[in-house]
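From first to last, the protein sequence lines are chains A and B.
Residue numbering for the first sequence follows the working numbering, starting at 1 and increasing by one per position.
Residue numbering for the second sequence follows the working numbering, starting at 1001 and increasing by one per position.
There could be a bad hint or two in this list.
As the list claims (entries may be wrong) - Here are the simulated lysine to aspartate or glutamate pairs, EDC-like style, with alpha carbons at most 20 Å apart:
#: 1; chain 1: B; residue 1: K1298; chain 2: B; residue 2: D1309
#: 2; chain 1: A; residue 1: K33; chain 2: A; residue 2: E59
#: 3; chain 1: B; residue 1: K1052; chain 2: B; residue 2: D1090
#: 4; chain 1: A; residue 1: K261; chain 2: A; residue 2: D271
#: 5; chain 1: A; residue 1: K42; chain 2: A; residue 2: E11
#: 6; chain 1: B; residue 1: K1298; chain 2: B; residue 2: D1275
#: 7; chain 1: A; residue 1: K30; chain 2: A; residue 2: D8
#: 8; chain 1: A; residue 1: K239; chain 2: B; residue 2: D1150
#: 9; chain 1: B; residue 1: K1052; chain 2: B; residue 2: E1177
#: 10; chain 1: A; residue 1: K103; chain 2: A; residue 2: E82
#: 11; chain 1: A; residue 1: K261; chain 2: A; residue 2: D235
#: 12; chain 1: A; residue 1: K31; chain 2: B; residue 2: D1150
#: 13; chain 1: A; residue 1: K527; chain 2: A; residue 2: D538
#: 14; chain 1: A; residue 1: K261; chain 2: B; residue 2: D1150
#: 15; chain 1: B; residue 1: K1197; chain 2: B; residue 2: D1221
#: 16; chain 1: A; residue 1: K261; chain 2: B; residue 2: D1147
#: 17; chain 1: A; residue 1: K233; chain 2: A; residue 2: E285
#: 18; chain 1: A; residue 1: K203; chain 2: A; residue 2: D151
#: 19; chain 1: A; residue 1: K297; chain 2: B; residue 2: E1325
#: 20; chain 1: A; residue 1: K458; chain 2: A; residue 2: E415
#: 21; chain 1: B; residue 1: K1280; chain 2: B; residue 2: D1076
#: 22; chain 1: B; residue 1: K1272; chain 2: B; residue 2: D1309
#: 23; chain 1: B; residue 1: K1155; chain 2: A; residue 2: D235
#: 24; chain 1: A; residue 1: K233; chain 2: B; residue 2: D1150
#: 25; chain 1: A; residue 1: K144; chain 2: B; residue 2: D1147
#: 26; chain 1: B; residue 1: K1101; chain 2: B; residue 2: E1282
#: 27; chain 1: A; residue 1: K30; chain 2: A; residue 2: E59
#: 28; chain 1: A; residue 1: K203; chain 2: A; residue 2: E74
#: 29; chain 1: A; residue 1: K261; chain 2: A; residue 2: D292
#: 30; chain 1: A; residue 1: K290; chain 2: A; residue 2: D245
#: 31; chain 1: A; residue 1: K233; chain 2: B; residue 2: D1147
#: 32; chain 1: A; residue 1: K144; chain 2: B; residue 2: D1150
#: 33; chain 1: B; residue 1: K1052; chain 2: B; residue 2: D1180
#: 34; chain 1: B; residue 1: K1197; chain 2: A; residue 2: E415
#: 35; chain 1: A; residue 1: K239; chain 2: B; residue 2: D1147
Think of the hints as simulated: they come from the structure by calculation, not from any bench.
Keep in mind that this is a model prediction, so the values were computed, not measured.
Residues per chain, in single letters:
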Amino acid sequence: MLCHDALDRAEQVARHWSAHGCPVVIHVDKKVKRDAHDAFVKSLSRIENVRFSERHRCEWGTWSLVAASQSASELMLRDFPEVRHVFLASGSCLPLRPVEELKQFLAERPLTNFIESVTTEDVPWTVGGLSLERFTLRFPFSWKRRRKLFDAYVLLQRRVGFRRKIPDGLEPHLGSQWWCLTRSTLQAILEDPERPVHDAYFKKVWIPDESYYQTLVRLYSGDIESRSLTLSKFDFQGKPHIFYDDHLQLLRRSNCFVARKIWPRANRLYDTFLAPKEGEPGTAEPNPGKIDRIFAKAVERRTRGRSGLYMQSRFPNSGWENGTTCAPYSVFEGFADLFEDFEGWLGKMVGARVHGPLYAPDRAHFAGGQAHYAGALSDCATLRNYNPVAFLTNLVWNTRGERQCFQFGPRDNQEPSWFMATDSNAQISVVTGAWAVPLFHSKRNFSEVRKEAARLQKIEVEHLEILRSPYTKARVRVWTMADFVESPMEPLQTIIDEIGLRHPRRLTEVPRMVDLKGFGQFLQNLKNQGMQPHVMGDFPVTDRGDGAPDTPRKPYLVKQ
Amino acid sequence: MGALRSYRLRLQRKRWRIRAFRKRRELHCIADRTRQIGPGDVLVFSTLRNEKIRLEYFLKYYRRLGVNHFVMVDNDSDDGGREYLADQPDVSLWHSTASYKRARFGIDWLNWLQWQHGHGHWCLNVDPDEFFVYPFCDTRPIRALTDWLDASSIKSFSAMLLDMYPKGRLDGFPYVEGQDPFEIASWFDSGNYTISKNHQFGNLWIQGGPRARAFFPDNPDRAPALNKIPLVKWHRQYAYVSSTHMLLPRGLNAVYDEWGGEKASGVLLHAKFLDTFSVKAEEELERRQHYARSHEYKAYARRLQKDPDLWCNWSEKYINWRQLEILGLMSKGNWA
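The shape of chain A in the complex, shown without the other chains (with noise of 0.2 Å):
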């Protein structure tokens, strides 16, 4: 038992160990002070089968762990020879299964040694990004401590190529530094002639406590399992994870022997764990799936984060973001113009909601004209202008699990358009030109419509140009107005379709467009007064002759 700090910790553990029959070899840190030390080898000197071993002083990643382990093992094996494994466990060790499990499961499996031994190629949790390097670079710069030599020694040693050699017969593997071995294995490493010479070699090897027997347990025995009896979970940084008191259940349901690291405070851990147990001993198998997943997941957050998520303690750097928005969502740009009361014929469809033109200049026109929506986001303008970006990553983030469609064109403010572009859950269509019809609708002046056409127009090319860049990740759809208004079924079927329809069919029910006649006559006199509306596409001067210039067109229908 290796122990540093928390030592009445550790003494509750080895007083455990001990009353159920297991002699305990305990080596204390030598950093740790005289007193604590004194007091702590006091408290258990009256036990029978408790004993101290020589001290080093350890630090993470260094031999002396190697060394520790070394100097308690000859200890335990010479001053108590009934035993048969020997199990390595730390002070922060908290057995979670009776004792009696335990030596009923190793007392079934005499020849087996648990420990987890990997090769080099095979491991993915190496830090530091170092695997075989381990093993074939020198190391005298503690990385604690001394971080920037240390990086530097192994960037050198790659740059001119110093390889060490690995001694004959040693194939390096890796694995857990918490292991539980038989006598004959141990003893084997320990009393191999050969010794001085792997002592020698791992010396000088980075974090020798996880390769060190792990390799040579591969030299003296064939019954090897490849997995540690101590659950122990190590985060991104290569430091274990701890348990506290609200870890309860999930260690009794792991059915693991042995967990670590423990919080010296976690009364309640301590309490339950170290009770006298009742009842015939169990034989399930360890089954640690469910803590795996919780810390799994906890690394993931760490290192990728939720998507979409801007946050205090998440704020990612351009292109880092792991998706700028969290889900996808749809813009429409024309369509409104186009349709009468396009947007409750659109929510009516899909199974989204369908807001407004979000981005215009009064207010955002949230679905339902609320004054508020999800998380308490305002309508107001000038709350919105102070972060357009930001106001979208808020909404697509408060929604989520519901599509999100709104209305965009020239007359909104524009400043979210790059980041729609490049956002790969935008889906956009646009019709161009449609912002036209509005102002074909409007009584005003004539000059002053000509002059409003030409800014939007405007507006509305440089629009198209940032969906048109290579940069562009959204799905963007662009129609010419002339040609969207010949066939409008097709393309809206294939967005709908996209967006997911709320009832899986063809469209039956269509929007209803409102009335164009006379637009192209109005398109030419914009011509006439030296304005050039292009965006709307080629549309004829005089009406489609239908015959019928009174009634209203009807809409188109598809047949089912």
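Assemble chain B onto chain A, guided by the hints.
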């Protein structure tokens, strides 16, 4: 960052420390129990004025989290709060009659006291109306968090200010001493915050929430900052620059991940909007001791006269920290 800029920031930090040193004369000790502070203790630092009604619950809340000692500055209260605090067994109290504004809203005083008593401790800087919520705070004491931060070599922990408000008029629900303020102010805005980066100090600048929505719709850039870094493993060389929004050295402000991941963070529930608020707003307006000529309080007073309800249809009712984590206001990071 260039050497020159780095040196400038260093000078600035020294300046704040010298200022804190000068301002120590304004503090008069009333009860010094700092000898009780043991190694590894977690400390709360706080400045207050006329907040007696809040103190009972404030102390109870933080004692329950496992805070060991409170170091507080009373800015000349006349409501009995000073006497109340002086009697508490785990409070060390200083008194000042000097200007809150000229002590940079109390920061100079607290920089000094932390310099003296906070070195080597985890220090939590909160006002009496701020309640710290962190991941697993319902099952793990604050010591679990600070031990984990130590083990992860993290020196500062962010907790955004979350304004809480009642449903209905602010003056509709009188607050009683000792009561949990979030029984009344149990609503908050979950997703209308905007963030930008302060490149000089490296911190984030967060605005939004009900204050931006209700009080600053016309000039959102004046809406108060909500980013806070209240929990710091203090070193005597450190200094808060502006409230607890940012610190020097600059590395302490790097409480957010820039490569897509989430760091662990908490929330400060802000119980400002109780029935006591309108009285306070008027008083503060008169004293003119707040930031930027108290423009914030002017905006409050204007709005509160006509419509003192901050609640809207999309307000979220507070349940627990897990709700805040799901909403994305805070994160567990890799603490599990």
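Hints, verified against the model:
1. K1298(B) to D1309(B): 17 Å, holds
2. K33(A) to E59(A): 16 Å, holds
3. K1052(B) to D1090(B): 17 Å, holds
4. K261(A) to D271(A): 16 Å, holds
5. K42(A) to E11(A): 10 Å, holds
6. K1298(B) to D1275(B): 17 Å, holds
7. K30(A) to D8(A): With a Cα-Cα distance of about 17 Å, the restraint between K30(A) and D8(A) holds, given a limit of 20 Å.
8. K239(A) to D1150(B): 12 Å, holds
9. K1052(B) to E1177(B): 8 Å, holds
10. K103(A) to E82(A): 13 Å, holds
11. K261(A) to D235(A): 12 Å, holds
12. K31(A) to D1150(B): 18 Å, holds
13. K527(A) to D538(A): 13 Å, holds
14. K261(A) to D1150(B): The given pair, whose Cα atoms are some 15 Å apart, holds under the 20 Å limit.
15. K1197(B) to D1221(B): 14 Å, holds
16. K261(A) to D1147(B): Holds, at about 13 Å.
17. K233(A) to E285(A): 18 Å, holds
18. K203(A) to D151(A): This hinted pair holds, its Cα atoms lying about 19 Å apart.
19. K297(A) to E1325(B): 14 Å, holds
20. K458(A) to E415(A): 15 Å, holds
21. K1280(B) to D1076(B): With a Cα-Cα distance of about 15 Å, the restraint between K1280(B) and D1076(B) holds, given a limit of 20 Å.
22. K1272(B) to D1309(B): 14 Å, holds
23. K1155(B) to D235(A): The hint holds at about 18 Å.
24. K233(A) to D1150(B): 18 Å, holds
25. K144(A) to D1147(B): 18 Å, holds
26. K1101(B) to E1282(B): 17 Å, holds
27. K30(A) to E59(A): 10 Å, holds
28. K203(A) to E74(A): Answer holds: K203(A) to E74(A) is near 18 Å, not above 20 Å.
29. K261(A) to D292(A): 14 Å, holds
30. K290(A) to D245(A): Roughly 17 Å separates the two Cα atoms, so the pair holds.
31. K233(A) to D1147(B): 17 Å, holds
32. K144(A) to D1150(B): 14 Å, holds
33. K1052(B) to D1180(B): 14 Å, holds
34. K1197(B) to E415(A): 19 Å, holds
35. K239(A) to D1147(B): 13 Å, holds
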